[in-house]
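Required output: the full structure, derived from the provided sequences and hints.
So the protein lines, in turn, are chains Z and L. For what it's worth, our numbering labels the leading residue of the first sequence as 31, then goes sequentially. For what it's worth, our numbering labels the leading residue of the second sequence as 287, then goes sequentially.
Calculated directly from the structure, the hints in this document are not laboratory data. Nothing false has been slipped in among the hints.
Straight-line C-alpha distance at most 25 Å; calculated DSS-like pairs for lysine-lysine:
#, chain 1, residue 1, chain 2, residue 2
1, Z, Lys144, L, Lys350
2, Z, Lys127, L, Lys326
3, Z, Lys143, L, Lys370
4, Z, Lys144, Z, Lys131
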Amino acid sequence: MSKVHDMGGREEKRPIPFLSCADKSEELSPTHWTSRTLAITLAMGFLRVWNLDSSRFFRESLPKSEYLSSSYYKRWFLALEKMIENFEIISNDNADKFSNKVLQPEEVSKVLKKGSPSIRSKKELPTFLIGDEVLTRTNFKNVFFKRGHTRLPEYAMGKKGRIILYHRAHVYPDSNAHFKGEAPEYLYTVEFASQELWGKSYPNRKDTVTLDLWEPYLKKANEAK
Amino acid sequence: MPHDNHNSPNDESSDLPDEMTLRVKSLETILTKKGLIDPKTLDEIIDFYSNKVGPKNGAYVVAKSWTDDKFRTQILKDPDKVLKELGFFGRQGEHVVVLENTTEVHNLVVCTLCSCYPWPLLGLPPSWYKSDEYRSRSVREPREVLREFGFNIPDEQNIKVWDSTAEVRYLVLPMRPEGTDGMSLEELSSLVTRDSMIGAGNPISPRRTDE
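What follows is the structure, encoded as structure tokens:
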């Protein structure tokens, strides 16, 4: 069964709610709840109780109807409430533990400009080279956690593609989202013919879709399934 | 193009504003009382994304690439190094790849699993980019999607859709519009729209003065 957040290629007839660049209604506001939600979520992240991958997992684990009926920042807010509850952040004595980690106003610019690169080193050599043909795994599931987080979308499972970029090793979300360690894995950009993904009825033979995929999502194209 | 945004769950205005305003305010108050956040920090974060980063950063990179071949070569080859030097590095833009549009290839960026986007270069993503409709349709029928945006891709130009499934962030380098010879870096930057750097539009074409 596909997960609610895994949207790629889903049957969808509605037009995209497109607003041109000239539209100012999306600008951030110091008081609007959407901007406050963004800021609270980022600030709480610096307590280092959870990580980026686990936040994504909490958002995509919202009940399907709640996810689909909520706007982007409402999803953020609902997931934030759940994380605060789940990790018992504000219960009794816990809050005091974080006092030395609270993000200070004067640190904001510096930490946001620094970011948190996900690149890591890894001893073993990568299995694939640029140009290799690969197959994505069929019916791929998180091995660390039942119905856990993964970044291989369903529409790209069991498909043949070609490696076009190599990004070295990165934090592996399937593990990190569930606090099983960063477990770095090699990351590649894999290019798929759109007709491989959507069938021969897709009109343009040369169009492609690329995804950034970690090594465990892939196998050699000539390997048995 | 007319759209009724009120039918879309991704339109922030479709939630009851009063309810969400109250809920968010109440959470902010509790977290502040517990000493876990500082409201002044939140103001700084909002100010940072309102004033310090935004599409003008990406537009500078594009315009500079149009005018400076050496820069263009570097930004395509080692974007992170160049972006660090420019101060356009940071959260949600730690591993950037620049995609060059040509007469043969048009690039379009999406994140089907959430809404990954190059924040230091383009600011925060627009609502349409985060919408379920865009996330569903852009990989499957990119030409239809672009037509809906008022933007026709000729059949002979291939579309490459980039689904940002990891921490790599993509910036589209659109083609320089005609009639821009001799323009300054600043003038060129003003032609580079946010949407053109996602692949969802073209840069603005300068109006010809002899017409």
